[in-house]
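Taken in order, these protein sequences are the chains called A and B. First residue of the first sequence: 1, per the numbering used here; consecutive thereafter. First residue of the second sequence: 1001, per the numbering used here; consecutive thereafter.
Don't take each hint at face value.
[As the list claims (entries may be wrong)] Below are the BS3-like pairs computed for lysine-lysine, each with C-alpha atoms no more than 25 Å apart in a straight line:
hint, chain 1, residue 1, chain 2, residue 2
1, B, K1049, B, K1068
2, B, K1068, B, K1058
3, B, K1110, A, K41
4, A, K55, A, K14
5, B, K1049, B, K1069
6, A, K55, B, K1069
7, B, K1068, B, K1110
8, B, K1069, B, K1058
9, B, K1068, B, K1105
10, A, K55, A, K20
11, B, K1110, B, K1049
12, B, K1105, A, K41
13, A, K66, A, K14
14, A, K41, B, K1049
15, B, K1058, B, K1110
16, A, K64, B, K1105
17, A, K20, B, K1105
18, A, K66, B, K1068
19, B, K1058, B, K1105
20, A, K55, A, K66
21, B, K1069, B, K1110
[What the hints assert, rightly or not] Here are a few chain A residues that face chain B, going by a calculated C-beta distance under 8 Å:
hint, residue
22, V11
23, I12
24, K14
25, S18
26, V19
27, F39
28, T49
29, R97
30, E105
31, G109
These are calculated hints, taken from the structure and not from any lab test. Think of the CB as a built atom: it goes at the ideal place given N, C-alpha and C, for glycine as much as any other residue.
Take a look at the letters that make up each chain.
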Amino acid sequence: GAVVSQHPSWVICKSGTSVKIECRSLDFQATTMFWYRQFPKQSLMLMATSNEGSKATYEQGVEKDKFLINHASLTLSTLTVTSAHPEDSSFYICSARGLGSGTYEQYFGPGTRLTVT
Amino acid sequence: AQSVTQLGSHVSVSEGALVLLRCNYSSSVPPYLFWYVQYPNQGLQLLLKYTSAATLVKGINGFEAEFKKSETSFHLTKPSAHMSDAAEYFCAVSDNLNSGGSNYKLTFGKGTLLTVNP
């Protein structure tokens, strides 16, 4: 149980285009989803937190107009990187937290490798 | 504010030797603490977690960690390393509150790369 998937697993796009990454909770309903970014050989940096049906909360320094997050259902959140540039190349990982006040644990997706050329 | 410090960005052990990965945390509220493992180009897998119950926590793959409040530590250990343990390990801290926009956000340490020599 508690499986989170991401699609695509890797994507290459040209500079200036937009890319959408999907994060799905496959066997549970996720009230909260988190989006992280990880540079090579570095830790995970939280980009934003999204609750189903409401606007995402972005961490300081993350451009909300560049990284659009939508959490339209309890099983799906999307991250759209708009007007991508080579510096946006990174490993993007989502996680999901389930329903219930005691469900503090996050379940992580396998990640999406984005390369912008 | 919370923070995590992982001492040693790279730890190398021989197969069969003790594994010790260090983690110290800072938190203004009683924390929840986690250890995750990441294999190359993959997401994170939870090894174990501390959530204010028993201070010695046993996880998967023979790993365990002990919460020591006086030392603000949560070091990860395994008695005997296996080649398959080679990976990146992350310690993370979360507050135990689901209010005020907290959402149990995780703060990660910088990670420790474990290599296991035959």
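Against the structure, the hints:
no., hint, result
1, K1049/B <-> K1068/B, "holds (14 Å)"
2, K1068/B <-> K1058/B, "holds (15 Å)"
3, K1110/B <-> K41/A, "holds (9 Å)"
4, K55/A <-> K14/A, "violated (28 Å)"
5, K1049/B <-> K1069/B, "holds (15 Å)"
6, K55/A <-> K1069/B, "violated (37 Å)"
7, K1068/B <-> K1110/B, "holds (20 Å)"
8, K1069/B <-> K1058/B, "holds (17 Å)"
9, K1068/B <-> K1105/B, "holds (22 Å)"
10, K55/A <-> K20/A, "holds (17 Å)"
11, K1110/B <-> K1049/B, "holds (18 Å)"
12, K1105/B <-> K41/A, "holds (22 Å)"
13, K66/A <-> K14/A, "holds (16 Å)"
14, K41/A <-> K1049/B, "holds (23 Å)"
15, K1058/B <-> K1110/B, "holds (23 Å)"
16, K64/A <-> K1105/B, "holds (18 Å)"
17, K20/A <-> K1105/B, "holds (23 Å)"
18, K66/A <-> K1068/B, "violated (42 Å)"
19, K1058/B <-> K1105/B, "holds (23 Å)"
20, K55/A <-> K66/A, "holds (15 Å)"
21, K1069/B <-> K1110/B, "holds (21 Å)"
22, V11, "violated (14 Å)"
23, I12, "violated (15 Å)"
24, K14, "violated (22 Å)"
25, S18, "violated (23 Å)"
26, V19, "violated (18 Å)"
27, F39, "violated (11 Å)"
28, T49, "holds (5 Å)"
29, R97, "holds (6 Å)"
30, E105, "holds (7 Å)"
31, G109, "holds (5 Å)"
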